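Novice: Below are the chains, spelled out letter by letter.
2 protein chains.
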Amino acid sequence: MSKLSETVSKIKKIDYSLAEKTQKRLDNLTKPQGSLGRLEEFAKQMVEITGAESPSLKNKVIFTMAADHGVVDEGVSAFPKEVTAQMVYNFLRGGAGINVLANHVGARVVVVDMGVAEEIQKSKVKNQNFKDKKINLGTKNFVKGPAMTKDEAIKSIEAGIEVFEEELRKGIDIVGTGDMGIGNTTPSSAIAAVVTGRAVEEVTGRGTGVDDKTLSNKIRVIKKAIEVNRSDPKDGIDVLSKVGGFEIGGLAGIILGAASKRIPVVIDGFISGAAALVAYSIEPKTKDYMIAAHCSVERGHRIVLNYIGLKPVLDLDLRLGEGTGAALAMSIVEAGVKILTQMATFEGAGVSERRGT
Amino acid sequence: MSKLSETVSKIKKIDYSLAEKTQKRLDNLTKPQGSLGRLEEFAKQMVEITGAESPSLKNKVIFTMAADHGVVDEGVSAFPKEVTAQMVYNFLRGGAGINVLANHVGARVVVVDMGVAEEIQKSKVKNQNFKDKKINLGTKNFVKGPAMTKDEAIKSIEAGIEVFEEELRKGIDIVGTGDMGIGNTTPSSAIAAVVTGRAVEEVTGRGTGVDDKTLSNKIRVIKKAIEVNRSDPKDGIDVLSKVGGFEIGGLAGIILGAASKRIPVVIDGFISGAAALVAYSIEPKTKDYMIAAHCSVERGHRIVLNYIGLKPVLDLDLRLGEGTGAALAMSIVEAGVKILTQMATFEGAGVSERRGT
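Chains as they are written, first to last, in the working numbering: chain R, 272 to 628; chain H, 272 to 628.
Calculated directly from the structure, the hints in this document are not laboratory data. Treat the hints with care, since some could be wrong.
The list treats identical chains as one, so a pair stands whether inside a single copy or across any two.
Pairs of lysine-lysine, PhoX-like flavour, derived with a Cα cap of 25 Å [claimed, not checked]:
(1) K329 x K609
(2) K283 x K532
(3) K281 x K411
(4) K292 x K415
(5) K281 x K393
(6) K609 x K352
(7) K284 x K505
(8) K505 x K558
(9) K329 x K292
(10) K495 x K402
(11) K292 x K441
(12) K415 x K281
(13) K352 x K292
(14) K352 x K295
(15) K393 x K329
(16) K484 x K609
(17) K352 x K532
(18) K484 x K556
(19) K397 x K532
No experiment lies behind these values; they were computed from the predicted model shown.
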């Protein structure tokens with residue numbers, strides 16, 4: 272059995288039977304019933320996912336996966352392609368947005384080269400949180416044919432699973448997804464359009480901030496790519512290979528790997544959402560292991576979240592990616608778990624319960 | 272000059288002139304311009320409030336103020352009155368929701384007895400984070416006349432200012448407001464109705480979770496109280512004295528005190544919102560020092576936020592009070608400041624900027 276099918280076969284339904292018991296425990300804490308709203312929901316979900324009565328989310332890890340995209344040749348991004356590699360070095364030196372926010376919430380960032388278009392110089396790296404899983408030097412321009420071979424698509428997902436499993440040995444209680452790849456809102460919009468069946472215009476936004484002219488070009492490019500590639504909307508691997516990206520495949524692998532080990536996974540923004548669509552179409556049970564970090568400014572993100580059935584934790588007009596929203600959201604989820612595990616009960620604190628009305 | 276008028280006279284407009292310069296610095300960091308959305312706004316607001324180019328929000332303090340309410344005699348709450356004092360002990364032992372969440376974000380909780388209906392036993396307390404500023408043993412039932420005298424209203428606000436100034440000596444970079452008081456959504460709804468001019472039904476919710484019958488009684492009680500007391504909607508002190516509460520006055524004092532010292536203040540939920548209405552009606556310039564932590568489930572909270580002109584940071588279906596939403600939100604605001612102060616610049620990180628389009 273392949274790594275991928277072995278992993279998928281291990282993904283089980285989460286244990287819904289624990290919800291009622293957990294809610295009873297929450298109701299016994301010194302607060303009006305249900306008054307901590309979504310924090311209580313997060314606590315229940317974490318119990319259901321992990322099967323632990325009192326889970327801990329101490330070990331927080333964000334996987335920031337980087338890759339390049341051949342479709343950038345079509346002029347779909349406001350930034351030049353070399354920025355992908357430059358940002359990988361920035362991540363490894365700790366100067367990027369994700370480093371600051373991960374540090375703020377006590378999370379570790381693992382940076383993965385899934386397919387950056389140049390070699391990351393090992394001499395410049397010297398960082399134990401870097402993983403080289405390069406599938407290829409960027410995808411092909413998918414306006415002219417598939418972004419990658421089917422074999423590469425599977426390899427990218429399996430590389431994500433491998434990275435997850437390698438890092439799991441160091442301890443992971445909750446995972447966040449993150450991405451870096453100049454041009455990667457273009458494959459993400461293409462995936463969103465194909466899988467959800469919505470019009471390209473509805474799921475295509477300005478990415479890093481393109482102008483009107485570049486946006487209409489981007490929409491035209493995506494439409495053409497979908498027409499040229501004719502992928503099967505129900506086959507996540509086919510969609511990934513035709514109009515995807517290596518970091519998107521890797522993140523789908525992270526999601527599948529985490530679900531197979533009953534570890535909750537916080538999905539960052541639009542690109543991570545496209546990876547979630549791929550993982551979800553491979554195995555819909557992954558949905559219950561997902562927490563949507565936030566609702567991105569990027570047009571189409573809400574459509575992706577609604578398609579899977581996820582309600583975002585935050586809404587802060589973010590559109591950076593890298594896992595920045597995931598970092599902030601995982602801290603909120605952790606807060607919910609601490610409510611369950613650290614608050615006093617009515618009896619323990621000598622507080623009167625509500626009157627029987 | 273009284274403590275109150277002295278404090279109010281020190282509240283200055285925030286320094287809007289710093290916004291442009293700060294945005295330029297943000298635009299020079301290794302991310303697409305504006306891509307961290309509201310985090311960037313928070314960073315700018317903190318610079319404008321403090322006047323510091325690179326503010327730090329390390330010292331986070333939440334003031335959880337407790338008091339009782341005579342109007343509880345009218346059967347407006349699902350919990351018995353003695354819970355207010357019981358929860359004060361719970362706060363001081365660290366078992367309440369606010370303790371868990373403040374601890375999660377690295378904030379200190381200062382618990383203040385503003386008017387609990389029984390004496391807090393000092394022998395049970397032994398906690399340096401407890402302040403006794405009791406104005407009276409709870410307010411009077413405001414269906415029958417004013418909740419407190421005008422003198423008590425001023426004293427409660429001044430006590431809040433005093434508490435803030437006492438704690439400021441230990442170091443405060445950002446403040447959160449929090450409340451505890453069985454029945455205190457009733458005065459808060461009354462204040463909201465009087466100040467905003469909206470119908471009582473629109474600003475009255477279920478508090479700790481009352482049933483339909485108790486809710487209609489609560490609405491009837493508030494309408495009667497407003498009719499009996501005829502307060503001046505433009506005079507925050509008059510409104511506070513007629514239909515307010517001691518913890519609401521104390522929190523208004525915290526807000527005024529913080530603004531007078533150029534310290535940002537994170538407003539928690541509905542009761543803190545009522546306190547913000549009082550502070551805002553005394554001095555509208557306080558608005559710029561406020562951050563709305565979240566949008567509460569409590570009906571009327573959004574009306575209060577819109578009236579002042581505040582956009583909440585979080586929306587997590589919270590309705591506990593105590594400062595729980597403020598704790599989570601202040602950590603998000605701090606994240607925004609760290610973006611400004613800790614991220615690498617394009618030049619520093621050797622990352623190419625966007626193409627001139």
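Novice: Give a verdict on every hint.
Specialist: Structure-based check of all given hints:
no.	hint	result
1	K329 x K609	both (10 Å within a copy, 22 Å between copies)
2	K283 x K532	within (9 Å within a copy, 55 Å between copies)
3	K281 x K411	neither (33 Å within a copy, 63 Å between copies)
4	K292 x K415	neither (55 Å within a copy, 45 Å between copies)
5	K281 x K393	neither (35 Å within a copy, 57 Å between copies)
6	K609 x K352	neither (42 Å within a copy, 28 Å between copies)
7	K284 x K505	within (21 Å within a copy, 57 Å between copies)
8	K505 x K558	within (16 Å within a copy, 51 Å between copies)
9	K329 x K292	within (23 Å within a copy, 38 Å between copies)
10	K495 x K402	neither (34 Å within a copy, 68 Å between copies)
11	K292 x K441	neither (31 Å within a copy, 43 Å between copies)
12	K415 x K281	neither (37 Å within a copy, 66 Å between copies)
13	K352 x K292	neither (52 Å within a copy, 29 Å between copies)
14	K352 x K295	between (53 Å within a copy, 24 Å between copies)
15	K393 x K329	neither (30 Å within a copy, 36 Å between copies)
16	K484 x K609	neither (48 Å within a copy, 35 Å between copies)
17	K352 x K532	neither (35 Å within a copy, 47 Å between copies)
18	K484 x K556	neither (40 Å within a copy, 43 Å between copies)
19	K397 x K532	neither (29 Å within a copy, 46 Å between copies)
Comparing the model with each numbered hint stated earlier shows that hints 3, 4, 5, 6, 10, 11, 12, 13, 15, 16, 17, 18 and 19 do not hold.
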